[in-house]
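Enquirer: What follows is the residue order along each chain.
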Amino acid sequence: MPSRLKCKLCLWQTSALSAHGQDFADVNDHAFLAIAIACLNAQLNDPAVDFQCKHFKIFCSAQCFCLESPFQTHPRAVKSVLLPDFLLPNIIPRQLNKRARDGHSFQMAPAMIDPALFEELKTKIEEDTAVRKELDRIIDDLSQQVSFTQGVLSRIHSTPRSKYSVLLPQVEDGIRKEIQCVGTLSAFASQNPYYKYNYKWVRTVQEAISTNLLCAWLGGMGSETRPGEVGRLMTLEEVGAVFAVPVNLKDRDAFHITIEDYLLALINIIDELSRLAMNSVTMGDNELAVLISSFIKDLHAGFQVLNLKNDILRKRVDSIKYAVKKVEDVVYDLSLRNLIPAKMDE
Amino acid sequence: MSGFKRDRQGNAKKHDGPQQPPKSIVRNAYTPMFEQLRDELDEHHDRRDRIGKASRDITALSKKIIFSLQRVSKIEEQLPADIQTEIDLRLAEISKLLASIAPDVQAINRYRYSRSLVCLEELVEAITFLHYLKTQTLISHKELDPIVEDITRQGFAKEDEVMTSAPDIATPVLAAQETKAPPTISLTDDDYVYGLFDLTGEMMRFATTTSALTGKMASGDLGGDDESESRDIVQDMHDLGSFFEMLPLRSGNRTQWGKKLEVMRQSVQKVEKLGYDMKVRGSERPKGWVPDLSSNDQPGSPE
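Protein chains in written order, with the working numbering: chain A, 35 to 380; chain B, 635 to 937.
With the rest of the complex left out, here is chain B:
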């Protein structure tokens, strides 16, 4: 009659295992129906747990990628080799995790577990930031989707390599079918937009670090011989800021939207302040002067 609560010694555990209803439960006309519903619900809970676990790991890995990227010292096509290796390693791990949950979030289940899949926001943040550091542009949702799909697919490819040892000859048809269309994970609009919001925070951090270390605002090195002609990150932050301000108010989760917007505004203003400082005082600083504390913390800038 009463619940499944276990006593402190854990004795009750033995009779009250989740699969074994305690004897106190009377079977009645409705028991079979509830048992059937229980199995369905268990399936749902298990799936959600699996996704939640993978999601936590993916979030942690994405954050690590972002930390690695923050060690980059300027915007350029080719990341420093050591940082690129770190990122590739992390992405490979993310691949495996995404592949492991991809079958669980197909079709109708994509939105069902979108709350458990917050990791995708983090992943979007990492990838957009990576893209920005390489190209100084904002990646679009359309460009991002194939990247995430590709990451997922790589996770399957790795599993296949491990599996190929035995069942290769036995079930060639089956294997072919499976590899033909491995399920991939698609990004929702929310994943993308909220990932972009977080990107502004990372750009702010990047602008702060690089301007402190190099004495100038980070900017693309696309053709100009010195820092003069290309856009700098202040301009980009302004662009991104206006981008968000011009978007129509999201009617779904207004509070979250408002909060993110506020944080984004603060980031823009911080970078603005940096830009001002650079302009006013930056020119007084001798060119190439780097503070002492940071001189040994500059791994792998190629030149």
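If we strip away everything but chain A, and leave its shape as in the complex, we get:
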């Protein structure tokens, strides 16, 4: 049951409202009331309806309406009222101008914001959110595989080299699952600009590359043409081949492994290997410690070749020196006690 509009000052009310009647209990602005009524009447196409209470006089036709306030308390009230949403569609195409009474036509200024503009932007943001959610899901899968593989790999610190032949296949199993996940990621991420979302997965992908590099260095990841050997460093291109994704893409926009990804992954395994150097000595494999030492020192020299800027890579490269110190200490301890295997001690 729609209530009626009424003027609170004189309790005048109108019956011209039917479907759109609203109760403006807290509205005491006469101008508001008058315009609302006029709008509704204009909408109802009531030809030339006139209303009048002692505060307002309303002229209304199908084309336009206007109102007059004989009661001049607030000359501007008419112009600056805010209308409720349900009235806006009615009032925008209509003419709200005192000149309308004299038969002038007047175009109401169009709204500041085109409604289509909002819809468009909203859709874009929703699409963006959907992409992010899907990426989160894929990356979550990948990171589970990565952390499992990392877990298996952590057993190198307590596994003598003779048992690697048992351990490494398990790692390779984990890596195969990583490869699948990276494949899914690659397919999905390639639908969008690579650098728009890559911040979401770089860490995880770098860790996946790390497991790969470490496994290969320890003698895993062998193929028919090239059996695995301890001390092998996979190149960026080889890593890309393992994951079946392009590397260092420049000519098109798709998922790929960047140089930074590769280098940061390499720094990850330096940390891991420096730890292994100590543990291998504990397990009596001094030769491995010396191997690791020379590998890390070579890599350190390699990283010195780069011209680094103040970014994440610079920060991580700076940390290599601690790994170098760690392995040098180990080698020093060994050489002091003549524990370095003869064939390597030159």
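Derived by calculation from the structure, the hints in this document are not laboratory data.
Any given hint could be a false lead.
[As the list claims (entries may be wrong)] The calculated lysine-lysine pairs, modelled on BS3-like cross-linking and capped at a C-alpha distance of 27 Å, are: (1) B:K768 with A:K156; (2) B:K893 with B:K907; (3) B:K776 with A:K158.
[What the hints assert, rightly or not] Calculated from the model, a selection of chain A residues having no Cβ within reach of chain B, i.e. all distances over 10 Å: (4) T218; (5) G256; (6) S257; (7) P375; (8) A376.
[Claimed, not checked] Pair by pair, the computed Cβ-Cβ distance ranges are: (9) A:N313 with B:E896: 46 to 54 Å; (10) A:P280 with B:D779: 27 to 35 Å; (11) B:S876 with A:Q178: 40 to 48 Å; (12) A:T259 with B:M667: 18 to 26 Å; (13) A:V264 with B:M667: 15 to 23 Å; (14) A:R237 with B:E896: 29 to 37 Å; (15) B:D873 with A:R237: 36 to 44 Å; (16) A:I346 with B:P737: 20 to 28 Å; (17) A:N313 with B:P737: 46 to 54 Å; (18) A:N344 with B:D784: 31 to 39 Å; (19) B:E879 with A:Q214: 38 to 46 Å; (20) A:K167 with B:P737: 29 to 37 Å; (21) B:Q900 with A:N344: 32 to 40 Å; (22) B:E711 with A:K167: 40 to 48 Å.
Yeah, the Cβ is synthetic: ideal placement off N, Cα and C, and Gly gets one too.
We have chain A; now place chain B onto it with these hints.
Expert: Relative to chain A, chain B alone:
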């Protein structure tokens, strides 16, 4: 072994130039690989530096455009001539800068350097504000893209004019190919939205200045004979405010989004307060009364 640090006298600089690895670096099996990666990384760093430099300049120029626009005293189709000239000059400079970095931010590199390209947000702010002052409407992303592309293209056109002196006849085919599709810069959604956020701040400033100077809220002069019928800036700020409030929460950078939203709300409320003041006290002020201090600070209002 140790780093490239230079001593205070700068002696080390001579042997340790970035291209010349110091002798302490031992060549080993991995050196060639790292050298190759170094070249790739250098290319990336150089590009980022170039973009960063241009971006700073573009930001400064955009801010200057905005300052010029703040000297406009009302919303109307035609800006005062002197202000329009200032803006055209700045835009011409921006054109050149954008053209200089356009090749660096094509395709995959567009998002790669989007952080270095924050200037675009500033540029969006300037152009949307300019558009608002002229038409009292909000420009859409679709309308904005061709404008920015056009600005970039003009930068190339100017370069071509300089170049035409000599190689004109020698390589007509090449030149034709180059002019056919000069790379342009596209705006990302973020550039647009965050530019709009900043627009609310400028509108607030504009509303404050104009209402102080003219004694009424700025509004479009589109057909009405006096200030009565058209929308005023209070309404526009409300519209823009609701526009942002209704947008779904951006899932990318929530903190930045939240901060911008908060600043925007404050701007809306400031203008609201202005609107209230105008309504309550504004009518008491004699029409056309202008405070003394500002009377000589009103360049070029045509009437």
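Enquirer: Now tell me, hint by hint, if it's right for this structure.
Expert: Against the structure, the hints:
1. At roughly 26 Å between alpha-carbon atoms, K768 (chain B) and K156 (chain A) fall within 27 Å of each other, so this suggested pair holds.
2. Our distance criterion of 27 Å between C-alpha atoms is met by K893 (chain B) and K907 (chain B), whose separation comes to about 21 Å.
3. Among the hinted pairs, K776 (chain B) with K158 (chain A) is consistent with the structure: their alpha-carbon atoms are about 13 Å apart, no more than 27 Å.
4. Annotated as non-interface, T218 (chain A) keeps its C-beta farther than 10 Å from every C-beta of chain B; the closest such distance is 21 Å.
5. With a least beta-carbon separation of about 19 Å from chain B, G256 (chain A) lies farther than 10 Å from that chain, consistent with its non-interface assignment.
6. Against the 10 Å criterion, S257 (chain A) stays outside the reach of chain B, whose nearest CB is about 20 Å from its own CB.
7. Even its closest Cβ contact with chain B, about 21 Å, leaves P375 (chain A) beyond 10 Å, as expected for a residue assigned away from the interface.
8. No beta-carbon of chain B comes within 10 Å of the beta-carbon of A376 (chain A); the shortest separation is about 23 Å.
9. Between N313 (chain A) and E896 (chain B) the beta carbons are some 52 Å apart, a value that agrees with the proposed interval 46 to 54 Å.
10. For P280 (chain A) and D779 (chain B), the hinted distance range of 27 to 35 Å is satisfied, since their beta carbons lie about 29 Å from each other.
11. Under the hint 40 to 48 Å, the C-beta atoms of S876 (chain B) and Q178 (chain A), about 43 Å apart, fit the expected range.
12. T259 (chain A) and M667 (chain B) have their C-beta atoms about 21 Å apart, which keeps the hinted 18 to 26 Å range intact.
13. For V264 (chain A) paired with M667 (chain B), a C-beta distance near 19 Å keeps the hint of 15 to 23 Å intact.
14. Remark: the range hint 29 to 37 Å for R237 (chain A) to E896 (chain B) is upheld by a beta-carbon distance near 30 Å.
15. For the pair D873 (chain B) and R237 (chain A), the beta carbons lie near 42 Å from each other, so the given range of 36 to 44 Å is met.
16. Hint check: I346 (chain A) to P737 (chain B), Cβ distance near 26 Å, so the stated range 20 to 28 Å holds.
17. For the pair N313 (chain A) and P737 (chain B), the beta carbons lie near 51 Å from each other, so the given range of 46 to 54 Å is met.
18. A C-beta distance of roughly 36 Å is found between N344 (chain A) and D784 (chain B), which places it inside the suggested range of 31 to 39 Å.
19. Between E879 (chain B) and Q214 (chain A) the Cβ separation comes to about 43 Å, which falls inside the hinted range of 38 to 46 Å.
20. Take K167 (chain A) and P737 (chain B): their Cβ atoms lie about 35 Å apart, and the range 29 to 37 Å holds.
21. Against the hinted window of 32 to 40 Å, the Cβ-Cβ separation of Q900 (chain B) and N344 (chain A) comes to about 34 Å, which satisfies the hint.
22. Distance hint for E711 (chain B) and K167 (chain A): a CB-CB separation of about 45 Å, consistent with the stated range 40 to 48 Å.
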